[in-house]
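Visitor: Could you put the whole structure together from the sequences, leaning on the hints where they help?
4 protein chains.
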Amino acid sequence: MTFESYIQIRERSEQLCANLETEDFVIQAAEHVSPAKWHLAHTSWFFETFVLKPYLSDYQEFHPDFSFFFNSYYNAVGERTVRNHRGLMTRPTTEEVFDYRGYIDEQMKTVLENGLTEEVEATILLGLNHEQQHQELLLTDIKYNLWQNPLLPAVINIKEYLKQEEGGWIKMKSGIYEIGHEGEGFCYDNECSQHKVYLDDFEIGSQLVSNRMYLEFIKAGGYEKPDFWHSDGWTWVQQEAITGPLYWIKQGGDISCYTLDGKKELDLDAPLAHVSYYEAAAYAEWAGCRLPTEAEWEVANRKFSWGNRWEWTNSAYLPYPRYQKAPGAIGEYNGKFMINQMVLRGASVATSPGHSRSTYRNFFHPQYQWQFTGIRLCKK
Amino acid sequence: MTFESYIQIRERSEQLCANLETEDFVIQAAEHVSPAKWHLAHTSWFFETFVLKPYLSDYQEFHPDFSFFFNSYYNAVGERTVRNHRGLMTRPTTEEVFDYRGYIDEQMKTVLENGLTEEVEATILLGLNHEQQHQELLLTDIKYNLWQNPLLPAVINIKEYLKQEEGGWIKMKSGIYEIGHEGEGFCYDNECSQHKVYLDDFEIGSQLVSNRMYLEFIKAGGYEKPDFWHSDGWTWVQQEAITGPLYWIKQGGDISCYTLDGKKELDLDAPLAHVSYYEAAAYAEWAGCRLPTEAEWEVANRKFSWGNRWEWTNSAYLPYPRYQKAPGAIGEYNGKFMINQMVLRGASVATSPGHSRSTYRNFFHPQYQWQFTGIRLCKK
Amino acid sequence: MTFESYIQIRERSEQLCANLETEDFVIQAAEHVSPAKWHLAHTSWFFETFVLKPYLSDYQEFHPDFSFFFNSYYNAVGERTVRNHRGLMTRPTTEEVFDYRGYIDEQMKTVLENGLTEEVEATILLGLNHEQQHQELLLTDIKYNLWQNPLLPAVINIKEYLKQEEGGWIKMKSGIYEIGHEGEGFCYDNECSQHKVYLDDFEIGSQLVSNRMYLEFIKAGGYEKPDFWHSDGWTWVQQEAITGPLYWIKQGGDISCYTLDGKKELDLDAPLAHVSYYEAAAYAEWAGCRLPTEAEWEVANRKFSWGNRWEWTNSAYLPYPRYQKAPGAIGEYNGKFMINQMVLRGASVATSPGHSRSTYRNFFHPQYQWQFTGIRLCKK
Amino acid sequence: MTFESYIQIRERSEQLCANLETEDFVIQAAEHVSPAKWHLAHTSWFFETFVLKPYLSDYQEFHPDFSFFFNSYYNAVGERTVRNHRGLMTRPTTEEVFDYRGYIDEQMKTVLENGLTEEVEATILLGLNHEQQHQELLLTDIKYNLWQNPLLPAVINIKEYLKQEEGGWIKMKSGIYEIGHEGEGFCYDNECSQHKVYLDDFEIGSQLVSNRMYLEFIKAGGYEKPDFWHSDGWTWVQQEAITGPLYWIKQGGDISCYTLDGKKELDLDAPLAHVSYYEAAAYAEWAGCRLPTEAEWEVANRKFSWGNRWEWTNSAYLPYPRYQKAPGAIGEYNGKFMINQMVLRGASVATSPGHSRSTYRNFFHPQYQWQFTGIRLCKK
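Protein chains in written order, with full-length UniProt numbering: chain V, 1 to 380; chain H, 1 to 380; chain X, 1 to 380; chain R, 1 to 380.
Keep in mind that the hints were calculated from the coordinates and are not lab data.
Since this is a predicted model, take the numbers as computed values, not measurements.
You may find that some hints are simply not true.
Where chains are identical, the list cannot tell them apart; a pair therefore holds if satisfied intra-copy or between any two copies.
Claimed, not checked - In silico DSS-like pairs for lysine-lysine, Cα to Cα no more than 27 Å straight-line:
1) Lys303 / Lys196
2) Lys325 / Lys171
3) Lys250 / Lys303
4) Lys264 / Lys171
5) Lys225 / Lys325
6) Lys196 / Lys159
7) Lys225 / Lys196
8) Lys379 / Lys325
9) Lys53 / Lys225
10) Lys325 / Lys173
11) Lys325 / Lys380
Guide: Here it is, written out as structure tokens:
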């Protein structure tokens, strides 16, 4: 791996924040989101902790307290800020965080130009994938944080809603398939090991559910009757007073939506975004269909186009057969989250270039709407 | 089906409550448990609602308000008491509830002796299985409710802890297996349809984890270090200040436990009970093993004895291929709970006779300890 | 003091519960109310703890655990049940509690017939006043507990709403007055010591605010606009979604209310009941008036009739000059509650005979509605 | 009033923030504190709303949304940001807020130089006192917000702890006194009207309780035993796990404290700061003394020096006789807070010059520690 390939990925994180005001870097509007400043620092902390400290001789850490500030959840690495206090840490300032990134990159340059053992290269590769993962969170968290503000500021020029044609159904035959990652190329431990699954015949949609289709569900009283919802889903709808996807703004008859590029009219022919698993499952039930399993999605994915929305599957996030988590702190990357979350497949408009593949297992708790999540159906 | 077979199952519910004081029937110590009185009435409400009202001509309902009081979660059947207010309903009294049961049984006698259509018989059969399911909840809820009381009263003579021998490992071969219910005999909709699964080679324990083995985990600091826990599990341990299985009483060096038959010394050679999924998974991790999937459990179950504890599996409660929920309110029985819960297999010392089978899918949220839950391991 | 005078007061507690079902004695619908069973036992515990144990030689306590169960808040007397768990204690049963009362009375008979030191007599007198205080709580808590039940049972034959005539204004002159208790006769420590206060001229209403008058306030949008409310009061109205006094039942145009004698039509000419201090103050503001201070109430009380409703004053519950709390556990009776509560003066339809006097200082937190609380106005 | 006198007070608000980083202006660490940015804007909004809009012909408001952002609690002025969301408003930026202040000052210059009606002058005077009140909150809120940060930054050069000598007791005679504001000079409506009170003889301390004295209370187990606490106070201590004044840092045997000027060693001879009313009352009880009433404080204040700490009194914040709140929105300034709060007298090291007087009534809820609050005792 070269420093150029490293720095190209790293720089994207900063480019995404180019239009933010200093104040925008600070806040955390909910426990499950983080401040932009935190993402920028945490991704650097990853390289400092797992590459520079162990492998760069007489490395001087940038600041003794940063490990406390910017460790996310790696218990093995010691104490850390309480998650919902990230938004109260005004120091280190945004400028200091950018200095921190610069310092880390400079040190990483040395490491990368000294030539790498396989072990170090693997860790750096993980760090870059980690950075890309946080680039998507950076976008979704900035969106969620600024959404709190009645001014609905436009901060990042991304087209979130891309038209798509009406789609049909793709027939798949029953039999034994292999899923999971195999061979060369990076993957997370949760994609391993490749293994056989038996699938029945199924039919999967070639297109995502559009805003127009979802609007039908709403008009049919989808959020007013428990009939189509999971029990936990209906409780969520009532307790949180949910009436539609996140970021929809209903004024009179019109529906607009908040995007990173500001308030926009809702494009009815574009794929739906920002629904929770509960909403995805309720919609599927109402439509007389079901959500695909992650295995069905993976074996069929070559037959449809994807990458616009993270697609909720009806598979819980659990280990594959013969799953082994990596030793040490790195092992906390995936395994410990394998409960209470549902798998999403594909990628989204916010996913970093080069960070998607057909075996990728994304996962979130079923109530979250703030990612660019959408719906693909299977016939019952 | 005869009235005798019907009444035999119904009477067991009342026998279980024989030693309760009137006061004991009233309380609800947590939202996820219900008062004994409520179980006795709700199981009768089931027959009134789904059998007597639709199928017995000019049936007179026992009391116009009981449907409101004793509907559990069937939205299609209309309004109901807020779940956590069940324990505040002092009227109808326990005596009235027993009268209600008598009235329902008398009316059911008429139905049963008039000869049954297949449809009615199926519904009654479901009602009896529903009653048996609530008989187990009756025991676990009574235990939880009376556990709040420092007097630790003995109310039901059940031997909760039965010795077992040390066990070994059972080897199973990879290949395609069929799981799920097939053919004659009752099953819930969630056991259907029978379908093929592909399994790799695996080894499963012939015995359950004992109190002695679990105590090792505790002594090794199992509840003090996050290392072995899921992230959500560790949060649970810390927020709820969990230090061991439910109902354990530590005094000095001794450990005793609360049982339905009062306070007992803990039998170290008996199978562990009252652990959450989080604890089961953490123990397995600490032991260098894993929990079985429900498919692994089902294909191997003939090779080991089970029925003493509900066994946490590492499978989320999700629909089988081609799962169809029953039409109408009955359809709310299972399908809508297929999220956020983990499957337990087997049966327990509290399960009613004749209510267990190898395809049975029990399910609870991962934090609950109040059922008779235990651990069976698989090799990694 | 004679045993007859003692037992006459004690028996009233039991008479009040004559129509309760066993189940009704158990529940606790909110943390600030207690189960009927608890009141019956706690008042007996008071005599056991402060009279029998210290003064009756070789007294055998009724049950070793009862002190734990039935201590209310006397920290000096040791551990006690968590307040909001009182409703989960099904044992001791109601019957055992009645046995407990019988045992205590029998022992007290011995004490009372042996002749008393002044100290013991004073403690018994306090115990009887304590019992009478709990008799009123018994009524208000039973009402609150059974109000949860859609059946709205009638359990105690008390006429809660008594008509009154329209009233006028009573003029009082400025000057130095003496308030607080002086001379013979029982009083609580919080009524001492008698002391001088300077009052300006004021005018106080001769009658209480009626349901009719309060209804005007509601119709004028009293609960929809913040204008008349304290800031904390308005927060309370919005968070608790308060739209009127407790126990009012609005159906179409009609207003009925729940009483201990069951559901009744609301008598518009009777004095308003079950309003919080926040509501009393907001009504007064809306009416262009104010609430009296406790000093104003006390100096004027001979000029109007009172005793139908506890009357919210605009005085905070604070110690009088030279206030001394009693030594030992008895000292916890009043002093430690002298913060965050407002003083109520007078008495109510639920107050026990012989338990009211013009210097009596009742006190509750400003949000509570469940006592028989009403409003008397002063001119601004 | 001249523009010079106006601008001199206004400028102090900005001087206090001179050393803050942009990020420091944004956060709100608890619902009861506000972001520095918000204070700077809100005090300007006050002049825009109550002076410029009503009195400056064709005044152009600075920004149509600012009224929504920076209205504090004036319901009569319309919608406003939910209080605990103030810390999520990254826009308007700090720079825009400073521009806003500049714009307001420029417009106020016109108003002030056009000559003022009495009514306008009174409103401006209120606005300046309002600004000074927020200058103290600015200091206490900045301190609370930055205290969350492990770096414990030093941001404002204020000496918080000033030595004082040991003091004695001042004897005051019983009789009628006059308290409350009278005559020329500004005061808030809550200081009116002046009125007679009758006081008994009392003795009040000439000095405040020192850190050394308070430390004795802690060493004596003050936070471990309920004996000295109000019931609500003890609940607060236990639920919030309070073990001492806010901002104390215990490391080994040493005690240091966080100040606006960074971490300092605790000066034992300086007056205690940052205790709640509950702590003040518990300390007084432990010391065999009591807190003064606000009337006692006011009549005795000429005989001792004050101004270093806000002194908790044992008086609830309630209206004086003949209290009239101002008409319109201004009337929301004080009256609606006259419940659930205790009066503090004096002033503190954080009080703006010229903003203190002997009739001043400050008030806070009894659990708050974040103001510069201290203790003065009276003999029982």
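Visitor: Quick one: which hint numbers does this structure break? Sort them smallest to largest.
Guide: 3, 4, 6, 7
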